[in-house]
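2 protein chains.
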Amino acid sequence: MSAPTDTDVVAVVTGLAAAAQKASRGLATLTTAQKDAVLLAAAAAIDAAADVILAANAEDVDRAEAAGTEAALIDRLRLTPERIGGITGGLRQVAALPDPVGQVVSGKTLPNGLDLRQIRVPLGVVGFVYEARPNVTVDGFGIAFKSGNAVLLRGSSSAASSNAALVDVLRGVLSDNAVSADAVALLPSESRDSVTALIQARGLVDVVIPRGGAGLISAVVRDATVPTIETGTGNCHVYVHADADIDIATRIVLNAKTRRPSVCNTVESVLVDKAIAADALAPLTSALQAQGVVIHGDEPGMEPATEEDWHREYLSLDIAVKVVDGLDEAIDHIDTYGTGHTEAIITRSLQAAQEFTARVDAAAVMVNASTAFTDGEQFGFGAEIGISTQKLHARGPMGLTELTSTKWLVWGDGQVRPA
Amino acid sequence: MSAPTDTDVVAVVTGLAAAAQKASRGLATLTTAQKDAVLLAAAAAIDAAADVILAANAEDVDRAEAAGTEAALIDRLRLTPERIGGITGGLRQVAALPDPVGQVVSGKTLPNGLDLRQIRVPLGVVGFVYEARPNVTVDGFGIAFKSGNAVLLRGSSSAASSNAALVDVLRGVLSDNAVSADAVALLPSESRDSVTALIQARGLVDVVIPRGGAGLISAVVRDATVPTIETGTGNCHVYVHADADIDIATRIVLNAKTRRPSVCNTVESVLVDKAIAADALAPLTSALQAQGVVIHGDEPGMEPATEEDWHREYLSLDIAVKVVDGLDEAIDHIDTYGTGHTEAIITRSLQAAQEFTARVDAAAVMVNASTAFTDGEQFGFGAEIGISTQKLHARGPMGLTELTSTKWLVWGDGQVRPA
Numbered sequence: 001m002s003a004p005t006d007t008d009v010v011a012v013v014t015g016l017a018a019a020a021q022k023a024s025r026g027l028a029t030l031t032t033a034q035k036d037a038v039l040l041a042a043a044a045a046i047d048a049a050a051d052v053i054l055a056a057n058a059e060d061v062d063r064a065e066a067a068g069t070e071a072a073l074i075d076r077l078r079l080t081p082e083r084i085g086g087i088t089g090g091l092r093q094v095a096a097l098p099d100p101v102g103q104v105v106s107g108k109t110l111p112n113g114l115d116l117r118q119i120r121v122p123l124g125v126v127g128f129v130y131e132a133r134p135n136v137t138v139d140g141f142g143i144a145f146k147s148g149n150a151v152l153l154r155g156s157s158s159a160a161s162s163n164a165a166l167v168d169v170l171r172g173v174l175s176d177n178a179v180s181a182d183a184v185a186l187l188p189s190e191s192r193d194s195v196t197a198l199i200q201a202r203g204l205v206d207v208v209i210p211r212g213g214a215g216l217i218s219a220v221v222r223d224a225t226v227p228t229i230e231t232g233t234g235n236c237h238v239y240v241h242a243d244a245d246i247d248i249a250t251r252i253v254l255n256a257k258t259r260r261p262s263v264c265n266t267v268e269s270v271l272v273d274k275a276i277a278a279d280a281l282a283p284l285t286s287a288l289q290a291q292g293v294v295i296h297g298d299e300p301g302m303e304p305a306t307e308e309d310w311h312r313e314y315l316s317l318d319i320a321v322k323v324v325d326g327l328d329e330a331i332d333h334i335d336t337y338g339t340g341h342t343e344a345i346i347t348r349s350l351q352a353a354q355e356f357t358a359r360v361d362a363a364a365v366m367v368n369a370s371t372a373f374t375d376g377e378q379f380g381f382g383a384e385i386g387i388s389t390q391k392l393h394a395r396g397p398m399g400l401t402e403l404t405s406t407k408w409l410v411w412g413d414g415q416v417r418p419a
Numbered sequence: 001m002s003a004p005t006d007t008d009v010v011a012v013v014t015g016l017a018a019a020a021q022k023a024s025r026g027l028a029t030l031t032t033a034q035k036d037a038v039l040l041a042a043a044a045a046i047d048a049a050a051d052v053i054l055a056a057n058a059e060d061v062d063r064a065e066a067a068g069t070e071a072a073l074i075d076r077l078r079l080t081p082e083r084i085g086g087i088t089g090g091l092r093q094v095a096a097l098p099d100p101v102g103q104v105v106s107g108k109t110l111p112n113g114l115d116l117r118q119i120r121v122p123l124g125v126v127g128f129v130y131e132a133r134p135n136v137t138v139d140g141f142g143i144a145f146k147s148g149n150a151v152l153l154r155g156s157s158s159a160a161s162s163n164a165a166l167v168d169v170l171r172g173v174l175s176d177n178a179v180s181a182d183a184v185a186l187l188p189s190e191s192r193d194s195v196t197a198l199i200q201a202r203g204l205v206d207v208v209i210p211r212g213g214a215g216l217i218s219a220v221v222r223d224a225t226v227p228t229i230e231t232g233t234g235n236c237h238v239y240v241h242a243d244a245d246i247d248i249a250t251r252i253v254l255n256a257k258t259r260r261p262s263v264c265n266t267v268e269s270v271l272v273d274k275a276i277a278a279d280a281l282a283p284l285t286s287a288l289q290a291q292g293v294v295i296h297g298d299e300p301g302m303e304p305a306t307e308e309d310w311h312r313e314y315l316s317l318d319i320a321v322k323v324v325d326g327l328d329e330a331i332d333h334i335d336t337y338g339t340g341h342t343e344a345i346i347t348r349s350l351q352a353a354q355e356f357t358a359r360v361d362a363a364a365v366m367v368n369a370s371t372a373f374t375d376g377e378q379f380g381f382g383a384e385i386g387i388s389t390q391k392l393h394a395r396g397p398m399g400l401t402e403l404t405s406t407k408w409l410v411w412g413d414g415q416v417r418p419a
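Here the protein sequences come in this chain order: A and B.
Here the first sequence is numbered in the UniProt record's numbering, starting from 1 and rising by one per residue.
Here the second sequence is numbered in the UniProt record's numbering, starting from 1 and rising by one per residue.
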């Protein structure tokens, strides 16, 4: 099959978006029980179709292997019966979560008798742009559907067969449950054109959430005319304050760097206060080096650091270490190089902790805790669609509530507004 | 003075934005008492500088008159001692409002002992783009400052002298109160280039809110790389249901159209149910015509309507009237032509009211009430910076809270995340 031309892709994406918008109107009035029944039916249908899904996934994996894709990426792409169990378990978990739609956020009766309520409603049509892992296809559907939204999924071309098989099952379940199948659709993934068409489908798509590398996210933000939510760029810091407990500092930095180096809440730079550097640097660096972490910095025995290192989101067993002259320099450094994800201070000083948490501007600011805790599951959301690093609409881990908007209901008995 | 070149304007705007961002860091940690003191001092300083401000305003008015500007626009531009009193009264009112910054939105202690709090914080740097009225300059500063934000003001060139005089006073007050004067700045208004520079100052500006005509708003949304909030496009409908009280319908339509035809919550189309049209049309149209309203529609005695009329936001003593065949057609019409601002049903049927409010997707959905009630002051916000017609971040009237974001504070005593 040859790749469609730009115009073809735009027409396809716009058509799917218009159908999704129409479908979204029906979703908004489904009851929680109706939505949960669909989610459980989807889990059962995916379990039942495991063979078909695994066969489709094998096509993706074969193609990736033939193309010489690196083993780590192929592992992310690969489905197994166990991973399918994880996917359907996720759907059942979302079914069990509280439904944000219909929650009354605020309300009052005005002096003229008008009854005012602000209630949660779905956003409408949500677009997800994401990479490799096929489980995101089902997770994205589950979270969007539970919060009453239609969803347009733009996965990576490497997972095209797996995603198509999964979305086929989901659309079938919707039809079987008297819900428009257009509430979920997979966009073409042959080229970036479908991303461009999605982020410019103004009036049809209510928000696009890109999950992926910095390149994808900045391209989406630059070219989008529909609102977007930036996710997951994390140049996170741990500041080891003059009054830090060095054992705690070492344990936290080690955990925040080595637990899963490739995720966005990993610490990338450690700022060590000059006042404690003589005591803290040796245990900290030797603990990191013992775990195979390469240390970039200006101190003896480190890889010489350049300006670039303070900006780097390594996402690997690398870390930058800088000695700073007090809290002000630490905060200046974070203001300059941080991405507003997660910033932590290690200290026994209440005053330092209060000042750090008040002055540092990030989605999560931590005291004596590992940056690895910035995570929807850890925060108790039950499901996470990404971690917002912007300030508008949602900041930090996003769950079901972050996929809703509100509307004002105003009930009266004939009130008019005086001149 | 010749208009600066593009590059000059970009440099000026970027410089002011960078200074505002620096200033915003200090604003975030001001106490409510400190902010209120500045707001009250600003009110006093504007009162004291009334002569200077009126003289500057006279320059703007003279220039507008010399250019043959229409009287209504000149009236919007003109300041009087009374209007200056209104401006400073507004500042005092904002000082008296509760401060959203620091509010705890949610929180809990996790099983591992981590203490989690989600608190309100300022957005950071807010840009306002607006037209003619110089009072918006001070209102915008007041609301932004109370919510802890630095603000970049891009008013219209017709009010350039008035705005410059007002912002001079505000910057002086900030300096006198040991707050960075860069927390408020007036952008050049000679050309649209400064708007473009503002909406593309990514990394420096956190949100831009355009207030103005549809042309301005769509240009901002199209070219922006910083997040924006769409405001104020209101193609609002009143649906007169089969079971409506005709007196109430007439009173509400009349109020919603004639109270202030030029504002965004004005009703622009009336949908009359076929089942009640024979009884309702005559009193409705004669009441409107008695107030000088021109009726566009397909019925006898109306100006013939075209497709364009259903889209029109007249903002004048014009209204479109359409006979619809039941609730479904009314909602379809609203889905097709509405702008998501305010939609109302007039009915005595609980079932119709429930269905209309559940299915119609707009910032405000009303039952037996005038669309004119969609307004921050009416909703009890105390101050309003615009009415959002988008679903992300804020929907409907925006007050102080809508100019905030949140951050997560996580306090621990050495917790690390298990593998």
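Simulated from the structure, these hints should not be mistaken for laboratory data.
Check the hints yourself; a few may be wrong.
You can't tell identical chains apart in this list, so a pair holds if it fits in one copy or across any two.
Said to hold, decoys possible - With a cut-off of at most 20 angstroms between alpha-carbon atoms, the simulated EDC-like pairs for lysine to aspartate or glutamate come out as follows:
id : residue 1 : residue 2
1  : Lys274    : Asp247
2  : Lys274    : Asp335
3  : Lys108    : Asp325
4  : Lys22     : Asp328
5  : Lys274    : Glu384
6  : Lys274    : Asp36
7  : Lys22     : Asp332
8  : Lys108    : Glu384
9  : Lys274    : Glu299
10 : Lys108    : Asp8
11 : Lys108    : Asp413
12 : Lys274    : Asp243
13 : Lys22     : Glu355
14 : Lys108    : Asp335
Hint check:
1. Lys274 with Asp247: Answer is within; shortest intra-copy Cα gap is 17 angstroms, inter-copy 77 angstroms.
2. Lys274 with Asp335: within (19 angstroms within a copy, 62 angstroms between copies)
3. Lys108 with Asp325: Neither: 52 angstroms inside a copy, 34 angstroms across copies.
4. Lys22 with Asp328: between (53 angstroms within a copy, 14 angstroms between copies)
5. Lys274 with Glu384: neither (38 angstroms within a copy, 47 angstroms between copies)
6. Lys274 with Asp36: Cα proximity of Lys274 and Asp36: none, with 55 angstroms in one copy and 38 angstroms across.
7. Lys22 with Asp332: between (49 angstroms within a copy, 11 angstroms between copies)
8. Lys108 with Glu384: So Lys108 and Glu384 pass the 20 angstroms test across copies only (18 angstroms; inside, 32 angstroms).
9. Lys274 with Glu299: within (12 angstroms within a copy, 82 angstroms between copies)
10. Lys108 with Asp8: neither (50 angstroms within a copy, 50 angstroms between copies)
11. Lys108 with Asp413: within (16 angstroms within a copy, 41 angstroms between copies)
12. Lys274 with Asp243: within (11 angstroms within a copy, 77 angstroms between copies)
13. Lys22 with Glu355: between (50 angstroms within a copy, 17 angstroms between copies)
14. Lys108 with Asp335: So Lys108 and Asp335 fail the 20 angstroms test inside a copy (40 angstroms) and across (28 angstroms) alike.
Violated hints, in rising order: 3, 5, 6, 10, 14; the structure is consistent with all others.
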